[in-house]
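All chains should be modelled from the sequences, with the hints used to inform the complete structure.
Number of protein chains: 2
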Amino acid sequence: MDSYLNKLRVEIEEHLGSIDLPSDPANLYEPIEYMLSLGGKRIRPILTLIGCELFGKPYSNAMDQALAVEIFHNFTLVHDDIMDSAEVRRNLPTVHKKWDVNIALLSGDGMIVIAYQHLFKAQNDKLKKLADVFSKTALEVCEGQQYDMDYASYETVSLPNYLEMIRLKTAVLLGGAMQLGAIVADASEKQLEQVQHFAESMGLAFQIKDDYLDSFGDQDSFGKEIGGDIREGKRTWLTLKAFELLGDDNQRLLDAYSITDISKRVDAVMAIYNELDVKGCAEKEIAKYSDDSLKTLANIEGEENVKSKLSALVHYLIDREN
Amino acid sequence: MDSYLNKLRVEIEEHLGSIDLPSDPANLYEPIEYMLSLGGKRIRPILTLIGCELFGKPYSNAMDQALAVEIFHNFTLVHDDIMDSAEVRRNLPTVHKKWDVNIALLSGDGMIVIAYQHLFKAQNDKLKKLADVFSKTALEVCEGQQYDMDYASYETVSLPNYLEMIRLKTAVLLGGAMQLGAIVADASEKQLEQVQHFAESMGLAFQIKDDYLDSFGDQDSFGKEIGGDIREGKRTWLTLKAFELLGDDNQRLLDAYSITDISKRVDAVMAIYNELDVKGCAEKEIAKYSDDSLKTLANIEGEENVKSKLSALVHYLIDREN
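The listed protein sequences derive, respectively, from chains A and B. Heads up: the first sequence runs through residues 1 to 322, numbered per our numbering. Heads up: the second sequence runs through residues 1 to 322, numbered per our numbering.
It is worth saying that the hints were derived from the structure and are not from the lab. The structure presented is a predicted model; accordingly, all values stated were derived computationally and were not measured. Heads up, some of the hints might be wrong.
Since the list gives no way to pick out one identical chain from another, each pair is judged satisfied if it fits inside one copy or across any two copies.
Simulated pairs of lysine-lysine, DSSO-like, Cα-Cα distance not exceeding 27 Å [to be verified]:
| id | residue 1 | residue 2 |
| --- | --- | --- |
| 1 | K309 | K190 |
| 2 | K190 | K307 |
| 3 | K136 | K121 |
| 4 | K57 | K126 |
| 5 | K41 | K121 |
| 6 | K57 | K7 |
| 7 | K288 | K190 |
| 8 | K136 | K126 |
| 9 | K190 | K121 |
| 10 | K129 | K295 |
Here is the structure:
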């Protein structure tokens, strides 16, 4: 991450750390503090700050809305971890493991409310717009999570349905985050639509890149073992593309997935990916969304120096090796 | 419930029934519709409507805020039912029984967002105040629920702590509900404080009456079997008053609670209640809070005919036999 993005991240970190929560009941507020202190790229609140700067206002004007987005995002992580029975997040125990499920459930609820409290630290004439964008986005994130859970029991899902699911589950929040900053900076309706489009396309490129790296990443740069998604039997963009290309012949891929010897399963699925050039298809798809994102950005009437930073961000997210 | 209150309830029911939710994903939105269709006294949204009328505006002006309160309340029921592993609500399966825990968790999350969406269907200059009251109240409800869960593992709790817990868990929302209506009707800060005070005291009287009826109600009017709380070993205002009165001698009550034969347990606890006149103490406490509530009401500068209706409501809630 370049020094500019890192500066924003550090400021967000400082503000998150100085949020003043009551001390009691400890089982409600300590998990919230814990969760907010776990760190991360803070990409969503960074987008809120940049969304403000893009339209000529100091990014600090949108700090409260940036915090709202990050607190909301962390609420979704706490509840998703319950739903997925995940035990570890950022190398530390998840809230429901460190405390218990009921405490995680309730402190997640509290975080939504605290997110709204930060959102509304703004001028009266901006509240309606901020609320509309935030609530619409929040509900879409819930929809995405529900589709994700629904699809977990399906043998396969069409690519358009998969893309719509990841759009709702992750990309819309990037767009919503950026819109909140833009609203603080009095952006026009057209500009709001453009930043949403820009960030959603970037988000889709980012997610497909995630799937891509898991199978085609460089072992040394990637950090984790290659093929984790195949090991877990997870349906990713790559799997669903392969299903689509195989058409009536898709039993071959189901058979490969049903091999119980894990390393043989990885080899069999990878062989099908290679045969169908799923790697090339994924690269094209990532390029399609990142190009769309950069083209949308180029058309936005905003601060040119901020636009170059956003363009660098897209390249950073797409060219990454882990 | 008298015909005026019933008229408001019917209107709220109609509006709840016509909330336009998306049809997909069905596992997100169907549980929400189900929950909102289960009925109930709708006492909280009624208070929102009356809170508006009390200050001279038509109650329909506050319908969206009334819906926000009821949707929020139903979210708390969905999540509380998960936390309590409750299987039945209003004689029907709870959401996590009818669907599953993950679906209940997520649709509860969605309900908070939908509640905020309704809250903000108001004029710009009222949004900040509405948001402040709503979020403060929502967080206090979470605090009350956390204290309730914390106290479940305690042998006993002091009466002040118990009262603070039920104030947070239930009474503040009655006050918050009423304040939202009052804000829509441009009530002053002083009037907002007064309605909060009025409704919280009424709420405390209501909750202690709940505990009272469970042990001292008339079997025929009460509907449920008398002594249910004692059977379940639940700590209520009555138990905690008895602990307080027994002082160093409180092992006697713990012994009574530890009797495994359920009907003997009920007899033993009731014998201690009778010996200490816990019934009389509870009646005094209920009267204390309802008097406080009525005194506060009398001092509010508001529509006199609405004040009489609120006074009738207090009497209805306190004199009820079930």
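State whether the alpha carbon distance between K57 and K7 is at most 27 Å within one copy, between copies, both, or neither.
within (17 Å within a copy, 51 Å between copies)
Within, between, both or neither: K190, K307 at alpha-carbon 27 Å:
within (16 Å within a copy, 49 Å between copies)
At most 27 Å between alpha carbons: which applies to K190 and K121, within, between, both or neither?
both (24 Å within a copy, 23 Å between copies)
Under a CA distance limit of 27 Å, which applies to K129 and K295: within one copy, between copies, both, or neither?
Within one copy only: 26 Å inside, 41 Å across.
Between the shortest in-copy and the shortest cross-copy C-alpha distance, which are at most 27 Å for K309 and K190: within, between, both, or neither?
within (21 Å within a copy, 50 Å between copies)
One pair to classify: K136 and K126, alpha carbons no more than 27 Å apart. Within, between, both, or neither?
both (16 Å within a copy, 21 Å between copies)
Cα distance capped at 27 Å. Does K41 pair with K121 within a copy, between copies, both, or neither?
within (24 Å within a copy, 35 Å between copies)
Within, between, both or neither: K288, K190 at alpha-carbon 27 Å:
Within. Shortest intra-copy distance 23 Å satisfies the 27 Å Cα cut-off; inter-copy 59 Å does not.
With identical chains, the pair K136 and K121 could be close in the same copy or across copies; at 27 Å between alpha carbons, which is it: within, between, both, or neither?
This pair counts as both: shortest intra-copy Cα distance 19 Å, inter-copy 14 Å.
27 Å Cα threshold - placement of K126 relative to K57
Intra 15 Å, inter 26 Å, cutoff 27 Å: intra and inter.
Consistency with the previously given hints is maintained throughout, with no hint failing.
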